[in-house]
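**Q** Protein sequence lines correspond, in order, to chains A and B. All letters in the first sequence, in the order written, are residues 1 to 125 by our numbering. All letters in the second sequence, in the order written, are residues 126 to 328 by our numbering.
If you want a taste of the chain A side facing chain B, the calculated C-beta under 10 angstroms gives, among others:
hint: 1; residue: Ile61
hint: 2; residue: Ala64
hint: 3; residue: Leu67
hint: 4; residue: His75
hint: 5; residue: Ala100
hint: 6; residue: Arg104
hint: 7; residue: Lys123
Source of the hints: derived by calculation from the structure; they are not laboratory data. None of these values were measured; they are calculated from a predicted model. Using N, Cα and C, we set each Cβ at its ideal position, and we do this for glycine too.
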Amino acid sequence: MTAPEEFELASDGLVRAYVITKGRGLPDEQQLSLITLVTAAPDEDRRPQQLSPEEQRLLDICSAGYLSVAEIAGHTKLPLGVVRIVLAGLTEGGHLITRAPVPRARDADRRLLEEVLHGLQTKFG
Amino acid sequence: MVFRPSSADGQSLDKQDYVQGGATQTAVKILVVGHFAVGKTTFIGSISEIEPLSTEETMTRAAAAVDDLKGVRGKTTTTVAMDFGRLTVSERVVLYLFGTPGQLRFVQMWEDMARGALGALILVDPERLADSFAVIDLIEQYGLDYAIAVNHFDGNPQRAEASLREALDLLDDTPVVTCDARDEKSSAAALTTLVRYLLDRAS
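Chain B extracted, bound-state conformation (with noise of 0.2 angstroms):
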C-alpha cells in the first residue's frame, strides 16, 4: 500500500506539494503587501508553483482588546490570515512570498512576516494612494527595504510616477514599477526589480 499523507479536507498532497530538493534548500522570504483588496493573493498565485496557501493566527486577548469588539458577548480572540506562495529558483534556494494586510494591530503575525525578510514588493492601487500610507509606514518600521508595485486595473488612467512619488512621499532611488497581478510575466518582473534593487543595497 502506497503511504499518502492528506490535508485538513482529507485531499492527499503530491509530490510537487513538497519542497524540490528540500535536503539542500535554503529557504529565504519576501513580503508582499498592500491594503486591503489590492491584489496580494492574485500576484502571489500568479507566479507560485503551488496553489496559493493561508494560514491564521488567533489574536491574544490583550490585541483584541485593540479591535471592536464591544458588544460581542464572550468573544475573546480572533483570527487574521496571511496568505501565501512559493517559487524554487534554484537547487539550492527557495522562495516564499507572505501576503498579508496592512492593519497595524496584527502585530505578532507582521513580526513573523517581517523578521529576516528580504524586503518587501508593496502593492499599490493609484486611486487609492492614501490607503497605502500605513502600510508603507510599517514596512519602514521594519526596517525592510521595498519597491512598489503599481498594480493597473481596468480603465485606470495611469497616474504619472513623478506625481506618485510625491504623494507616497518616496525616497529618490526607491524603485516604482507599475504591473499586473494577474499576469506571471509582468508579476515576476515586478519581483525581479525589487530583488535587484536589493541586491543593490547589499553590495
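Only chain A is shown next, with the shape it has when bound in the complex (with noise of 0.2 angstroms):
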C-alpha cells in the first residue's frame, strides 16, 4: 500500500497546492488580476492567529507597500493559481486592500495612454 507522504511526493506539487488553498477555486478574474493592486490591511488587531503557513506568508511580503499579484507570485515563487486563491481568501477575511486595475472604457484608455506616453517621454527623453 502507498503511504499518504509517498503519493504526495509523487505528484508533482499538485496536492500540495491543494492543501495551499485549502481547496478553494479560482478567485473571480477582475477581481484579483495579473496587475491588480494589493496591500496589508492596516489593522493588525483583526489579524486571526489561525493563519496557514502560506497565508502569513503572502500577508507579510504586502505588509509594507503595494505589489501587483504578479509579483507577489515571481517574489514567492508560488504557482500564480495559487496566490490568486490564498489572496482571494484573505481578501474576503478582510486582512487585504486591493485596487484592481481600472475597466477597460475608451475615455479612461485615452488618458492613460496619455499618462503612459508622456512618462516615457520624460524618463526616456
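With the hints as a guide, bring both chains together as one complex.
**A** If you want it as C-alpha cells, here you go:
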C-alpha cells in the first residue's frame, strides 16, 4: 500500500497546491487580475491567529506596501493560481486591500495612454 | 526590531520593490511578445525599474494532453513561465510589461495576460520571420492592437521595411520600428511608438 507521503511526493506539487488553497476555486478574474495591486489592511488587531504558513507569508510580503498579484507570485515563487486563491481568501477575511485595474473604456484608455506616453517621454527623453 | 518581509529565497524586499505611491496608482499593462529567444526578457529588463520577475502557471491535465508527454510516465502537469517588469510612469499610473513565448497551447496564461492589456509590442527577428506568424495570429485573435519591433542582432543585414511588411502581412498603419532590446533608450523608443499608435487608435 502506498503511504500518503509517497503519494504527495510523486504528485508534482498538485496535492500540495490543493492543500495550500484549502480546496478553494479560482477567484473572480477581475478582482485579482495579474495587475491588481494588493496591500495588507492596516488593522493589525483583526489578524487571526489561525493563518496557514502560506497565508502568513503572503500577508507579510504585502505588509510593507503595494505589489501586483503577479509580483507577489514572482517574489514568493508560488504558482500564480495558488497565489490568487490564497489572496482571495485573505481579502474575504478583510486582511488585504485590493486595487483592481480600471475597467477598459475608450475615455479612460485615452487618458491612461496619454499618461503613459508622457511618462515614457519624461523618463527616457 | 524592523520588520523585513522576505521572498522565497529569504531575501528581504526593499522599499523600491513596492509600487511607489501604491494607494493612488492605477495599474496598466502592455504585452511584449515574440517567439522563443527573440529578446523579450532582455527588452523588459532594459526598461524595468525592478529586476524582471518570473511567475509560473501549471498547465491543466487537459492542456497537458496537447503537449507531447508520451512516455513520461506519471507526468500529468507541466509549467510555463512568463517574465514581467514594472515602470512607474507617473504618480497615477504604473505600467507592467508582460512577456511570454507565443505557443498557442498556453491558453490560460495568454488569456490572463491579454485581458485588459492596452496593446502589444511584437518583437521579431528579421532572420526568423516565419517564427513570428503564430504570435501575430494570437495577438490578433485576442483583438489587441500592436506594433512590430525588429530586434537587431549584431551583424544582421537590415531587411527593407517593405519586404518585412509583406512577409508578415501587416496592415499599412501598423507601426514597424527597429530596436536594440539591450538598450534602454532604444527599447523605450519602441514602446513609445506603440503607445502613440494606441493613442491614435483610441482617439
